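Start from the sequences and build out the full structure, keeping to the hints where you can.
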Amino acid sequence: MEKDQDKILNEVTQGEYKYGFVTDIEAEAIPKGLNEDIVRMISQKKNEPEFMLEFRLKAFRHWQTMKMPEWAHLKIPKINYQDIIYYSAPKQKAKLESMDDVDPELKETFDKLGIPLDEQKQLAGVAVDAVMDSVSVKTTFKENLAELGIIFCSFSEAVQEHPDLVKKYMGSVVPYTDNYFAALNSAVFSDGSFCYIPKGVRCPMELSTYFRINAANTGQFERTLIVADDDSYVSYLEGCTAPQRDENQLHAAIVEIVAARNAEVKYSTVQNWYPGDKNGNGGIYNFVTKRGKCAGENSKISWTQVETGSAITWKYPSCILLGDNSTGEFYSVAVTNNHQQADTGTKMIHIGKNTKSLIVSKGISAGFSQNSYRGLVKVIKNAKNARNFSQCDSLLLGDKCGAHTFPYIEVDNKNSVVEHEATTSKIGEDQIFYCNQRGIKTEDAIGLIVNGYAKEVLNKLPMEFAVEAQKLLQISLEGSVG
Amino acid sequence: MSLDTVKIDTKEKFIELYEENQDLLKSDSPEYVNKIREKAFGNFQKLGFPNKKNEQYKYTDLNKEFENGYKTYISPKNIRFQVNDIFRCDVPELNTKVILLLNGWYYDRENLIHELPGGALIGSFQKAAELYPELVKRHFAKYADTEKDGMVALNTAFVKDGVFLYVPKGVVIEKPIQIINILMDEEEGLTQHRNLYILEENSQASVVVCDHTLSTPNFLTNSVSEFYIGQNAHFDFSRMQNEHNGSKQVSHLYFQQERNSYVNANTISLHGGLIRNNVNVLLNGEGCENNTYGLYLTDKGQHIDNYVHMDHAYPNCTSNQLFKGVLDDFATGAFNGKVLVRKDAQKTQAFQANNNILLTDDADINTKPQLEIYADDVKCSHGATVGQLDEDALFYLRARGINKKEAKLLLMYAFANDVIKAIQVPALKERIQDLVDKRLRGELSRCNSCQMHCC
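Those sequence lines, one after another, are chains A and B. This note's numbering applies: residue 1 is where the first sequence begins, and numbers increase by one. This note's numbering applies: residue 1001 is where the second sequence begins, and numbers increase by one.
Think of the hints as simulated: they come from the structure by calculation, not from any bench. These figures come from a predicted structure and were not determined experimentally. One thing to keep in mind: the hints can contain errors.
Under the rule of at most 25 Å between Cα atoms (straight-line distance), these lysine to aspartate or glutamate pairs were calculated in the DMTMM-like manner [said to hold, decoys possible]: (1) A/K142 / A/E206; (2) A/K384 / B/D1362; (3) A/K400 / B/E1372.
Put into structure tokens, the structure is as follows:
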């Protein structure tokens, strides 16, 4: 019955959100609600060492003293934190040895999503860590990577097998005291990905995590930690989807990146959580804390994000430029349609000398949506010769939506140069006319123009992602014309 | 004493002051003014002084400033000086009418309202409220919102005197009107003047305001000015802030522009310990144009914070904001500009720019240009830069035999000139060019044209 319904639903909403199916997988969940016992229960279920439990409890106690921030340009309905299931795991009998042991339903899910979980799909050349309802399901190519000394596994595995690394780096970039959602995540996070690139290693393939919320009433709280040691390089991809549901689901994740001397980390996200239906019902609240620390000299962290999903997106992937000559980059395309809201941007904190940062943000709003760029560029006194350039453009499709820009620039020395530019406009009618004349429908023309407008950012994505992102842009804007 | 208790004390102090002097405050104000006064006082009790948690005052902490026990002028103090002997701003075209405010009070107590040709009126706000209740009632406290900003509420609660200008329909005042705010006393004082400018349909006026301090004690000013610019009216407003470094100034300008009106507002900040300028513009009809410009030259421990809120409520309006600043020594500065384009304000053109030059490592600038846009057929842009003098340009000049100091001055002067050239009164423009040049050379401690030793 439910399956039939899903099928019909899928057909009806084709082109709106194609990942909205639910997979029938038995899941192990704990009771709703949040208290110290729940935190202890999560820790116990995951068989965690003592230091993890302590970390969680400290975070939880701190979270209780905090209030949800209200400064964002967002209308957020009140969230009942006691009405969320904080842990839900696909039931597994034993540890998986090969692909054959994976629940066929689960495999089907990821097949539908087009994720190359199957090791046969060597051609894809991407190592994947799939996270479903907070628990890492399967990590591919682990052995190949291990030969190079690269650790790429689920967070819980890392806690068991590399506790010293986890202890050293967890919370070093985003401490649990950082903000309301970081504290919440630190208390209840269930899993996530862990990645360590040793000295002098250039990771030969793209590493990828795929997040999926499947069960109802659950929140997803995962944590990603990437450590790139001296002279190393890694490119990391993240993708996310969720089923269509009428209620809102909370996703509060943390991503921490540490780049040591001469290391480079490239982090790309295609965020496509369920955005809610046309009337703004349902959808994911995507409140994520992402931050990278360029700890060593000449290190580089680059964030690329394509934000098309989520009912509400509220995140600021940031770079702390601590090491001298370090570089931070931020490329973003944020698309909002229907009743979606987004308040996103970045923070570049210049601390080391000769640090550089670049911000390119493209906002596209359609329907009744609100799309804000909010960013901070801070240059402290000792950050001599710091350089920043920011370009934030907004494109408006329709007269019911809003596009806003809130940049903050704080400069505290005389040898730094900081520039910010922003424009807001609508799609040029002459451009559409030009396409129409050549037989391109208005809808396709808009897709074309938008893709051209976002090209600067899309170009920064790895090949496969770029293709997906382009399609996503088109789908997200479908029905926004006329 | 914890910080919190200090804050409460500062607010309480003013509440007490109000309650003690209520009768005196209300005694010579008409009933309708007192009604607004009471409401504003209620709002102040709720709002208090804005602290750094208030996003609009993030970079300027006013609480601290009000902790000092400033004396508030409830009634005019009788300080006499020979205006003509010591004060000669010898800008020839500015001789129409010089209006003096002393510590927030209309100076010429003998002659409180002047009639200008065409039936225009200029004079004391207090007197005008008494003589022309209908006119004042229609505009007073209609544009300055006491519900949002505690500082405006405080000013309104203590409202007494200030400048009143009324230009009736179709009247054009050719020559600029000069208003000089003078602060002079033996002890520290708080001034809260309240000004009301009414320009009716098709009228035109030009106003020049100069802020000066004439004695050494520290002064604090919290002023509110309301401007009603009727249909097709044309208004030019220039302000020069030149107070000594012990003075603190918070000013609020509220412009309401009707259809096809034009406003040009220029603020040149040369000196002052702490300056916070709020400019709020509501474009309340189609086809309005507003240009709001600012130039700030700060050094030593000065702090300047410019806030602009440009509200495009109707279609086909144009607004320009340009703020430029040079910060030296350990001066700090902030710019916070917002363009709000409402849902139906199509064909809006709004531009906003803030450029800063930092001359030392101790100088500090925070800038926050913002766009909030709800209409799609618009052209809006903003830009902000923080940087230094162009090395290449400097080299070019030096290669041509200009010494380093002169070359630097030349470049800074050129940087500032973008704002100065927007001043529409030619004589004033020249005067300010001269003053800025002197200011940049560090020679300016007072307007050299007047004999007063302000600073």
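Here's how the hints hold up against the structure:
no. : hint             : verdict
1   : A/K142 / A/E206  : holds (12 Å)
2   : A/K384 / B/D1362 : holds (12 Å)
3   : A/K400 / B/E1372 : holds (13 Å)
Against the hints set out earlier in the document, no violation occurs for any number.
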